[in-house]
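Based on the sequences and whatever the hints tell you, model everything.
First to last, the protein sequences are chains B and Z. Heads up, the first sequence is in the working numbering, so the first residue is 1 and it goes up one at a time. Heads up, the second sequence is in the working numbering, so the first residue is 115 and it goes up one at a time.
One or more of the hints may lead you astray.
Here are the simulated BS3-like cross-link-like pairs (lysine-lysine), alpha carbons at most 30 Å apart as the crow flies [to be verified]: (1) Z:K166 to Z:K127; (2) B:K16 to B:K73; (3) B:K3 to Z:K166; (4) B:K16 to B:K70; (5) Z:K136 to Z:K171; (6) Z:K171 to B:K3; (7) Z:K171 to B:K73; (8) Z:K171 to Z:K127; (9) Z:K129 to Z:K171.
Pairwise CB distance ranges, derived in the manner of DEER restraints [to be verified]: (10) B:E44 to Z:S194: 27 to 33 Å; (11) Z:T210 to B:G10: 33 to 39 Å; (12) B:L84 to Z:P122: 28 to 34 Å.
In case anyone wonders, no lab produced these hints; they're calculated from the structure. Yeah, the Cβ is synthetic: ideal placement off N, Cα and C, and Gly gets one too.
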Amino acid sequence: AQKITQTQPGMFVQEKEAVTLDCTYDTSDPSYGLFWYKQPSSGEMIFLIYQGSYDQQNATEGRYSLNFQKARKSANLVISASQLGDSAMYFCATPNFGNEKLTFGTGTRLTIIP
Amino acid sequence: AAGVIQSPRHLIKEKRETATLKCYPIPRHDTVYWYQQGPGQDPQFLISFYEKMQSDKGSIPDRFSAQQFSDYHSELNMSSLELGDSALYFCASRLTGAFTYEQYFGPGTRLTVT
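Next up, the structure:
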């Protein structure tokens with residue numbers, strides 16, 4: 001079974017600084033993917049970025065990038081030039097082989113300080 | 115672009131009442147997932163449907179049932195509601211066979227049981 005570990009329950013970061021949110025995973029699937037979602041206080045689950053296990057390069061989407069280290073089984077999210085609007089809960093997740101239901105980590109609450 | 119629609123967005127029920135949550139997936143998406151997110155928790159998989167057939171089941175109480183209809187919309191029926199059922203319920207949809215594993219989440223239904 002898949003397992004996602006997010007070891008940072010909360011983080012406080014100064015505005016405009018870069019921030020790295022940690023995610024490690026454990027899966028026996030030969031082919032897998034890692035998702036990052038943002039959940040603001042309003043509750044919706046916003047897709048940020050996806051990394052496939054066979055992707056040759058680290059995924060990037062605007063200010064979001066993924067530091068994917070297969071040997072370490074880590075898929076850390078990097079947010080460059082943080083903004084106040086980045087304050088939210090961030091979840092790392094992976095689909096289960098077969099029907100692709102998502103297993104989530106426990107999340108990291110990020111607070112950006114002006 | 116069309117997104118996943120969930121209704122109602124907010125629902126208040128008393129203990130022992132019943133509730134029905136509805137989900138309208140993105141057009142042409144053939145797979146629907148239901149997740150439950152308790153306060154301060156990560157989302158937990160409840161049940162999924164592929165082409166109107168139940169494809170997988172997670173930690174869904176026997177008091178809950180769900181189905182997917184011919185137009186692909188799905189309903190989650192919850193009976194004998196308990197205080198612990200208070201949560202944010204997400205529906206997500208996906209097109210099986212698409213290159214990406216991405217699931218598209220709806221805005222969620224916030225259920226409060228009093």
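Index of numbered hints that the structure contradicts, given in increasing order: The structure conflicts with no hint, since it agrees with every one listed earlier.
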